[in-house]
Amino acid sequence: MADGGATRGHGAPGAPAARDRGTPGAHPELDPDGPAAPPRKNGELVFESPWESRLFGVTLALCERGVFAWEEFRRLLIDEIARWDAGGDARATWSYYTCWQAAFERLLTAKGICAGAELEARVRELAARPAGHDHEHDHT
Amino acid sequence: MSGREPHGHGGGADLALRVEALEALLAEKGFLDPVQVDAIVRRYAEEVGPLNGAKVVARAWLDPDYRRRLLADGTTAIAELGFGGPQGEYMVVVENTPSVHNVVVCTLCSCYPWPVLGLPPAWYKSPAYRSRIVREPRAVLREMGLELPPEVEVRVWDSSSEVRYLVLPERPPGTDGLSEEALSELVSRDAMIGVAKPPAPGEAARG
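Line by line, the protein sequences are chains A and B.
For the first sequence, my numbering begins at 1 and goes up steadily by one.
For the second sequence, my numbering begins at 1 and goes up steadily by one.
Only chain B is shown next, with the shape it has when bound in the complex (with noise of 0.2 Å):
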């Protein structure tokens, strides 16, 4: 914004004001209904997050005809489980193997597979991440916890104007006989953007 309000009391108050102006303006001219706009941050606060990816994770380690369907057309499998719309319309699954690990960056904004992972964090849209998670993957990665040997190869994916990636992690160690729902539990959003590794469940307890 150029220009301070005469009457400002900081950047967030000032902007507070303006969604205020703006909102009211806009649904005077028609264009929007309060109550629509209370349903959508209602949905993306509370209801769309990556609860939905890890559903979509944990089925595709049970499940290998769907893993097979999800690595080859990531929408359509993940609308199967019932998550699709804005920000998910194409859908790309990048699969972690023991020589591969995926990160996933939007260098120019935001985009972000919404129906899968709610809205971004903080951290993924700033500067900073944008980017040296291109520069230097791996020195991201440790800063954040997640040190990778030498000998795997980090792919970056930067989502585009259309694509959205989804990393499926791979599936720890000693999760055998886990029910779906029990492996869901372990696969966070960070392990889903690429910045972390879903955690054995001994090791979840522990940390």
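Excised from the complex, chain A in its bound form (with noise of 0.2 Å):
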């Protein structure tokens, strides 16, 4: 028997990773080998959503331009994560991007550049666009 090798990977590997997929409908358990997952030359699968891999880009890329130190980014979601851990928080689901989330959202109070109830402002709107509006061509 193979150590779990590169040819077959872990599926979901023991019981830390299966322990934390609680809801199935809500986070399907992902089977990197399986035939439906996504393609990906490096073999690997790091984001689970869209807006995860939008949330990842946009906090990296502010950083790339100075606006923040990564260490300062760190510290916020070290202490999301750990209010997490500590069940501060009414979260059933453990979900990593939405620690990310909270940090980046604090970090961008703290550093005055985006506003809480701004924010919440841009979110209804959006919230409020009739159904399809995907489809729409953007207007520039």
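Honestly, the hints are just simulated from the structure, not real lab data.
Owing to the predicted nature of the structure, the values given are computational and were not obtained by experimental measurement.
Be aware that one or more of the hints could be misleading.
[Stated by the list, open to error] Simulated coverage check for chain B against chain A, where a stretch passes if three residues somewhere in it have a Cβ under 8 Å from a Cβ of chain A:
hint: 1; region: 33–46
hint: 2; region: 88–94
hint: 3; region: 106–118
The C-beta atom is built at its ideal place from N, Cα and C for all residues, glycine as well.
Please dock the two separately framed chains into a single complex, following the hints provided.
Here's what the structure looks like:
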């Protein structure tokens, strides 16, 4: 028996991953070796949803521009994860990028870049869009 | 996040809206260019990945001088192969031997050597792995399919704000004469985190 090699992978490796994929509907189990796995040149699936990849990209883009130092963000991320670990949050299902989002919003607020109220207003605006807005062309 | 959005459709949909709103606001304020975001996402989703680390490991297996340089100064030796960048500024390479097995974690968040391994898998970031691998590494490794003999010492490396670790696995038996490329194909991401071992060529075929 191979100890899980390049060709096999681990699927969901043991208890750690399996335990934290609580709600089957919300976060379907990803089988990176399965037929439905998205193709990845490097053999990895790194984002589970498009919003995760956008959030990652936005965060890194601002860091690359020198808007903040990575360590500033990392401290907030550690704090958000610690809050989740301590159960101080009502979220039932572990979501790494939810912690990331909370940390990033705190960073933007602290830097005076984007206030919470401004963000909430824009979220409401986007939520009020009619269905099917995705299919329209952008008007620039 | 505190509070639910009035028109929320569940956590994922709420967050997708929040991220979309954030990106739009930041672009309007001149803090970012969506094209730059596209490029970053493409780089980390498709280009930067464990194949880079596998090349480093294969080179170290074949070239004793490179292996020495890699263990002495990981960052510089990895840069020799053209890999570097965010989260790879202070690389430390830890070597597995017949008597020592190394495994890497970030107990506080998700620090991980992006330039050589790409972004971390979901299980690496999970609360269970982060807390349990330190307390009971042998049990966690066993659950992940790696049974270590009791005489092998397990060393768990906790990534800090600066240092990122890469495990140099032992070269499997039966790989004499293999090319660097063929060797690199034996090196999985999990082996470089330390939760697996590279299979011998025959094992890979059977698996």
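For each hint, the structure was consulted:
no., hint, result
1, 33–46, "holds (count 9)"
2, 88–94, "violated (count 0)"
3, 106–118, "holds (count 5)"
Figure legend: structure checked against the earlier numbered hints; the only hint not met is number 2.
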